[in-house]
Amino acid sequence: AQSVTQPDIHITVSEGASLELRCNYSYGATPYLFWYVQSPGQGLQLLLKYFSGDTLVQGIKGFEAEFKRSQSSFNLRKPSVHWSDAAEYFCAVGGGGTYKYIFGTGTRLKVLA
Amino acid sequence: EAGVAQSPRYKIIEKRQSVAFWCNPISGHATLYWYQQILGQGPKLLIQFQNNGVVDDSQLPKDRFSAERLKGVDSTLKIQPAKLEDSAVYLCASSLASGGSDTQYFGPGTRLTVL
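Those protein sequences? They're chains S and R, same order as listed. Heads up: the first sequence is residues 38 to 150, going by this note's numbering. Heads up: the second sequence is residues 1264 to 1378, going by this note's numbering.
Keep in mind that the hints were calculated from the coordinates and are not lab data. As the structure is a prediction and not an experimental result, all values here were calculated from the model. The beta carbon of each residue, even a glycine, is placed where N, CA and C say it ideally should be. Be careful, since some hints might not be right.
Which stretches of chain R does chain S cover? Using the computed rule of at least three CB atoms under 8 Å from a CB of chain S, they are [said to hold, decoys possible]: (1) 1301-1315; (2) 1367-1373.
Under 7 Å between C-beta atoms, here's a sample of chain S residues computed to sit facing chain R [stated by the list, open to error]: (3) Y69; (4) G80; (5) F88; (6) F127; (7) T142; (8) G143.
Start from the sequences and build out the full structure, keeping to the hints where you can.
Here it is as structure tokens:
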């Protein structure tokens, strides 16, 4: 069965520090992987996605993610966090014959000034 | 380009009442999705339309939830009667096609509180 695990419910970092949000998935075939961000009262916005090819994917707002097949992971990173990055981040997996996304439970990021 | 529009943004009802949410997808997007996002959880797909046909409604509680997409454009999600556990944000999303690789564009959601 498809599943997505985001082990960290909350993460707090200082502004300017680096960030890594973890995402692990379980899927029977090569997945399509996504990271979304949700600011308070807003819908989800796509940060980046991975389908195939280069395993390091660049996204918007300075985010990147690396697909590691051997670890079934797709962790999101940012070298220097800004206060405006405070939000909730969702990892999602899709593709194959189901054509539907499965979302993780989210990681809420707090940024300290 | 206009995004996905949803209304109302907030709704408070009592249990056993009915409620309806409206969604207008991005123009030209064939696929429309309704998600339920309970506080502290990720969005859960309720129903997916391809044009005006249902592709997946396996997680839609059909005894109380219904949805339609008239003329393959706007969509309405209805709950009748509502239960306390229906309190959640209902997100609408649309995409150009229906493949699992297609980017979904989300509306701002409707926050439902059932008292």
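Quick rundown of the hints versus the structure:
Counting residues of the region 1301-1315 of chain R whose C-beta lies closer than 8 Å to any C-beta of chain S gives 7; at least three are required, and the coverage claim holds. A count of 6 residues in the region 1367-1373 of chain R with a Cβ less than 8 Å from any Cβ of chain S is obtained; the coverage claim is therefore met, three being the minimum. Satisfaction of the interface hint for Y69 (chain S) is found here, the shortest Cβ-Cβ separation to chain R being roughly 5 Å, below the 7 Å cut-off. Contact between G80 (chain S) and chain R, as hinted, is supported at the beta carbon level, the nearest pair being about 3 Å apart and thus within 7 Å.
Annotation: F88 (chain S) was flagged as interfacial toward chain R, and the flag holds, the nearest CB pair being 5 Å apart, inside 7 Å. Taking 7 Å as the C-beta cut-off, the interface hint given for F127 (chain S) holds, the closest approach to chain R being about 5 Å. Hint status for T142 (chain S) relative to chain R: holds, with the closest Cβ pair at about 5 Å, below 7 Å. The beta carbon of G143 (chain S) comes within 5 Å of a beta carbon in chain R, closer than 7 Å, and the hint placing it at the interface holds.
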